[in-house]
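Residue strings, one per chain:
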Amino acid sequence: MTSLFEEVPAAAAEGVPVRRITVRVNGTPRTADVEPRLLLAHLLRQGFKLTGTHTGCDTTNCGACTVLVDGLPVKSCTMLAVQADGHEVTTVEGLAGPSELHPLQEGFKDEHGLQCGFCTPGMMLAAKALLAENPDPTEDEVRFALSGNLCRCTGYQNIVKSVLWAAKQMNGASADEGSAE
Amino acid sequence: MYPSRFRYEAPRSIDEAIQLLHEGAGEAKVLAGGQSLVPLMKLRFAAPELLVDINNLPGLDHLDVAADGGIRVGALCRHRDLERSLEVARAQPVMAAAAPLIADPIVRTRGTLVGSLCHADPQGDWAAVVTALGGHVVAQGPGGRRSIPITDFVTGPFQNVLEYDEVAVEAVLPAPRARVAGGFLKLERRVGDFATAGTAVALELDGDRVTRAGIALTGVGSRTVDARAAAEALVGQPLTAEAIGRAADLAAEVAQPTSDHRGSASYKRHVIHTFVTRILTRVTQTSEAAA
Ligand SMILES: Cc1cc2nc3c(=O)[nH]c(=O)nc-3n(C[C@H](O)[C@H](O)[C@H](O)COP(=O)(O)OP(=O)(O)OC[C@H]3O[C@@H](n4cnc5c(N)ncnc54)[C@H](O)[C@@H]3O)c2cc1C
Ligand code: FES
Ligand code: FES
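Line by line, the protein sequences are chains A and B.
According to our numbering, the first sequence is numbered sequentially starting from 1.
According to our numbering, the second sequence is numbered sequentially starting from 1.
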């Protein structure tokens, strides 16, 4: 059965070529046989059951489906799953460690960075890419980096605060280590 | 939404890509960043039988900024690479100004300048920049390479002169002969939106005298508008308030905006006038500050 936003092509009909691909998802190599028209978002959600990647607009506008491909943010509703072959994908499920949340997840919790939570995975992954490049961003830099992600609930204020909170936490942790005299 | 069925090939050499396009006999399409093509395929506005993904082709991701200031942008150079390039920022202010205004940061991870030129959206930003700089597109087909000036490359909305079996391999921005200046301004309703109206200005200056000028407009016509008369009105003299005013008048005149949900035609014309004035005025202020 398919729902409005959860369409996935039915198993390829007889004679339709599928490709075997291997994608490293959150550190684990995963293999799938995909029809070329399958989108990365659908491979992750339906194929690998990683439903943290949301599809909202499905037209490349909202950023809810953002994942990291080789560390860079990509709208997974606009990349073919076959194109991920041999690449490294990080989804929101890959953020937390075995026992603790990622500082970004803590930040969204602490600073009330979400209401319905629909945009949150995409926001956190876009923010992760920002912090990897710029560990100590200004508020403006956070807003700029998240400008491809739409939120219909919180009006962005707390989302920005959450990211700044996480940056501080991540920098603080390393600064503390550095100044342990 | 998912596209209709297609055959997918990801060739490893440009010759193989061209061969595939040739066999596709007009039913094949090149896939670069996919930031325009994939949405169109999902909406079923495009339904190619064969997709030739060029992302695995070697030697197309270059962004070469030569010592003389000439720039070559490979077909796999992403908007993001242009946005982050210090060399580009030093060599061409108009490109540095435009790069962060193309779509949004996530789309910029994959989208390409060359793909944007090929897509030929009348509201595309790079076509205006490349037009203002007098650039050209290098295409490769079964017969070899050819170079096409940007003003001949786009023939209408979403149309270009490429043969069905040609790949655009790079865009080339010529080396300036004098000091460069310029800028890019764009009015968008929200981040990542296409231009309600946008203006690219590229200048070369000898002292305070303009020796070359290019002005091009986006969002205000069925294709990029080359405001050549406005640019030529600047050449051979300093950027006085009077010269700036005349260029702004001529640019606003040559714009062909239509009224739509983004604004009336006269409003868009006014925006163009303001943008030309602002960019040129800023150039004079920067020159004064440097002097
Ligand atoms: C939400 C959103 C907002 C956007 N906002 C803007 C904006 O503000 N300004 C702007 O300018 N653009 C905008 N874009 C478009 C974006 O810049 C695209 O990246 C660009 O237009 C297409 O580049 P691409 O590499 O993704 O091309 P693709 O989508 O892969 O291809 C586009 C077309 O060009 C052809 N093509 C691509 N590369 C080649 C090649 N090397 N040789 C031959 N044919 C080729 C394809 O066959 C296809 O027909 C936006 C896109 C989105 C999704
Ligand atoms: S669902 Fe992919 S951008 Fe909205
Ligand atoms: S929290 Fe609901 S869309 Fe952002």
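Keep in mind that the hints were calculated from the coordinates and are not lab data.
Predicted model only: the values in this text are computed from it and were never measured.
Ideal placement from N, C-alpha and C gives every residue a C-beta, glycine not left out.
Be aware that one or more of the hints could be misleading.
Said to hold, decoys possible - Here are a few chain A residues that sit away from chain B, every Cβ distance over 10 Å (derived from the structure):
hint: 1; residue: Arg20
hint: 2; residue: Leu80
hint: 3; residue: Leu101
hint: 4; residue: Ala132
hint: 5; residue: Gly148
hint: 6; residue: Thr154
hint: 7; residue: Leu164
Unchecked claim - Some chain B residues judged to face chain A by a derived CB distance under 10 Å, without partners named:
hint: 8; residue: Arg5
hint: 9; residue: Arg7
hint: 10; residue: Pro11
hint: 11; residue: Pro39
hint: 12; residue: Lys42
hint: 13; residue: Leu43
hint: 14; residue: Leu51
hint: 15; residue: Asp53
hint: 16; residue: Asp104
hint: 17; residue: Ile106
hint: 18; residue: Val172
hint: 19; residue: Gly192
hint: 20; residue: Ser259
Against the structure, the hints:
no., hint, result
1, Arg20, "holds (13 Å)"
2, Leu80, "violated (7 Å)"
3, Leu101, "holds (23 Å)"
4, Ala132, "holds (13 Å)"
5, Gly148, "violated (3 Å)"
6, Thr154, "holds (17 Å)"
7, Leu164, "holds (17 Å)"
8, Arg5, "holds (6 Å)"
9, Arg7, "holds (7 Å)"
10, Pro11, "violated (13 Å)"
11, Pro39, "holds (5 Å)"
12, Lys42, "holds (7 Å)"
13, Leu43, "holds (7 Å)"
14, Leu51, "holds (7 Å)"
15, Asp53, "holds (7 Å)"
16, Asp104, "holds (3 Å)"
17, Ile106, "holds (4 Å)"
18, Val172, "violated (26 Å)"
19, Gly192, "holds (6 Å)"
20, Ser259, "violated (24 Å)"
In terms of the numbered hints stated before, the structure departs from hints 2, 5, 10, 18, 20, listed from lowest to highest.
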